[in-house]
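Novice: Which chain is which? The protein sequence lines are D and A, in order. Our numbering applies: residue 7 is where the first sequence begins, and numbers increase by one. Our numbering applies: residue 23 is where the second sequence begins, and numbers increase by one.
Errors might be hidden in some of the hints.
Said to hold, decoys possible - Across the chosen pairs, the derived CB separations fall in these ranges:
id, chain 1, residue 1, chain 2, residue 2, range
1, A, R177, D, A37, 16 to 22 Å
2, A, E99, D, A62, 16 to 22 Å
3, A, E127, D, D30, 17 to 23 Å
4, A, W130, D, T54, 20 to 26 Å
5, A, E128, D, P29, 33 to 39 Å
What the hints assert, rightly or not - The calculated lysine to any residue pairs, modelled on SDA-like cross-linking and capped at a C-alpha distance of 25 Å, are:
id, chain 1, residue 1, chain 2, residue 2
6, A, K158, A, D121
7, A, K108, D, I27
8, A, K108, D, G86
9, A, K108, D, E34
10, A, K108, D, G25
11, A, K108, D, E36
12, A, K108, D, P63
What the hints assert, rightly or not - If you only want the chain D side, here are some residues facing chain A, beta carbon under 7 Å, derived:
id, residue
13, I27
14, D30
15, A33
16, P57
17, A66
18, T70
19, W76
20, N80
21, R89
If you are wondering where the hints come from, they were derived from the structure by calculation, not from laboratory data. Virtual Cβ for every residue (Gly too), placed ideally from N, Cα, C.
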Amino acid sequence: MDAHGLNEQRLEDRERALGDIPPDWLAEFEAAARRPLETRFRYAFIHTYKPVLDDAPFRAFDTTADYRRWCEENLPDWLGYARV
Amino acid sequence: MPAFEYRQAQEIRDCFQRRGIRYLFLGKSGAILLGFPDTTQDADLFVEKSRENCALLVVALRELGFALTAAQAAEVERGKDFIQLKNGPFDLDLIFAPDGIERFEEAWRRHVEVEGFPVCHIDDIIASKAATNRQKDRESLPRLRSFREYWMRRRGK
């Protein structure tokens with residue numbers, strides 16, 4: 007296959023892969039890609055109070071498993087930190 | 023506590039770079055740096071667990087405005103696997119042993135730079151979220167996997 011054919015093939019592969027992405031998500035990905043990083047940050051980072059989790063200034067856990075366990079035992083279910 | 027801001031991310035990047043700290047943005051904050059349009063509440067940093075790196079980290083955190091007591095600083099220096107900081111200008115999670123990623127060195131080899139921010143590869147971000155297997159991660163995974171397809175194609179790989 008010559009260079010032109012290879013490019014065509016790559017374009018077709020790309021279109022096929024992107025075709026698997028739901029159109030509304032694809033539109034959002036494309037829109038985000040057009041925004042500067044600083045703007046993306048402004049849209050992305052939010053802050054809401056999370057009960058228990060936000061009530062201590064510092065926590066350290068020996069293992070990540072200890073942290074996951076602590077979340078399950080102490081945080082309200084609706085925060086979504088429990089393992090499925 | 024106000025939301026994490028771009029200039030604060032820049033402060034982390036610049037301060038950690040000056041100190042020579044090895045770390046990577048991970049989790050949704052990492053994905054956002056890669057271009058993933060979504061929301062999150064804090065920044066997750068995957069930090070290399072070495073004595074020197076952890077000692078430098080304590081200095082850098084204090085420079086950024088985190089009010090670490092001597093006992094807390096000692097815990098950071100020991101590189102406890104998971105540390106939550108809410109005693110500074112923004113919330114920060116320090117993760118020394120994330121689920122789904124075996125070693126820092128491997129993640130470092132795969133990492134990407136976005137405007138000078140060192141970020142875990144999207145595959146590592148997804149692997150970590152999948153391994154964590156929390157409700158909130160499960161909900162974000164399908165969209166994150168679609169974003170991976172988009173991001174990989176955009177990079178031409």
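Novice: Confirm or reject each hint.
Specialist: Structure-based check of each hint:
1. A:R177 to D:A37: 16 to 22 Å: holds, 18 Å
2. A:E99 to D:A62: 16 to 22 Å: holds, 20 Å
3. A:E127 to D:D30: 17 to 23 Å: Taking Cβ atoms as reference, A:E127 and D:D30 lie about 38 Å apart, which means the hint is violated.
4. A:W130 to D:T54: 20 to 26 Å: For D:T54 against A:W130, whose Cβ atoms are near 33 Å apart, the range 20 to 26 Å is violated.
5. A:E128 to D:P29: 33 to 39 Å: Distance hint for A:E128, D:P29 holds at roughly 35 Å.
6. A:K158 to A:D121: The given pair, whose Cα atoms are some 15 Å apart, holds under the 25 Å limit.
7. A:K108 to D:I27: violated, 37 Å
8. A:K108 to D:G86: Measuring from Cα to Cα gives roughly 20 Å; hence the hint holds.
9. A:K108 to D:E34: Violated, at roughly 31 Å.
10. A:K108 to D:G25: Measuring from Cα to Cα gives roughly 42 Å; hence the hint is violated.
11. A:K108 to D:E36: violated, 34 Å
12. A:K108 to D:P63: holds, 4 Å
13. I27: holds, 5 Å
14. D30: violated, 10 Å
15. A33: Hint violated; D:A33 Cβ to chain A Cβ min 10 Å, cut 7 Å.
16. P57: Status violated, d = 13 Å.
17. A66: holds, 4 Å
18. T70: This interface hint holds because 5 Å falls under the 7 Å limit.
19. W76: Violated, about 9 Å.
20. N80: Since the shortest Cβ distance to chain A is 12 Å, the answer is violated.
21. R89: Holds, because the Cβ-Cβ distance from D:R89 to chain A comes to roughly 5 Å (cut-off 7 Å).
This entry does not satisfy hints 3, 4, 7, 9, 10, 11, 14, 15, 16, 19, 20, going by the numbered hints stated previously.
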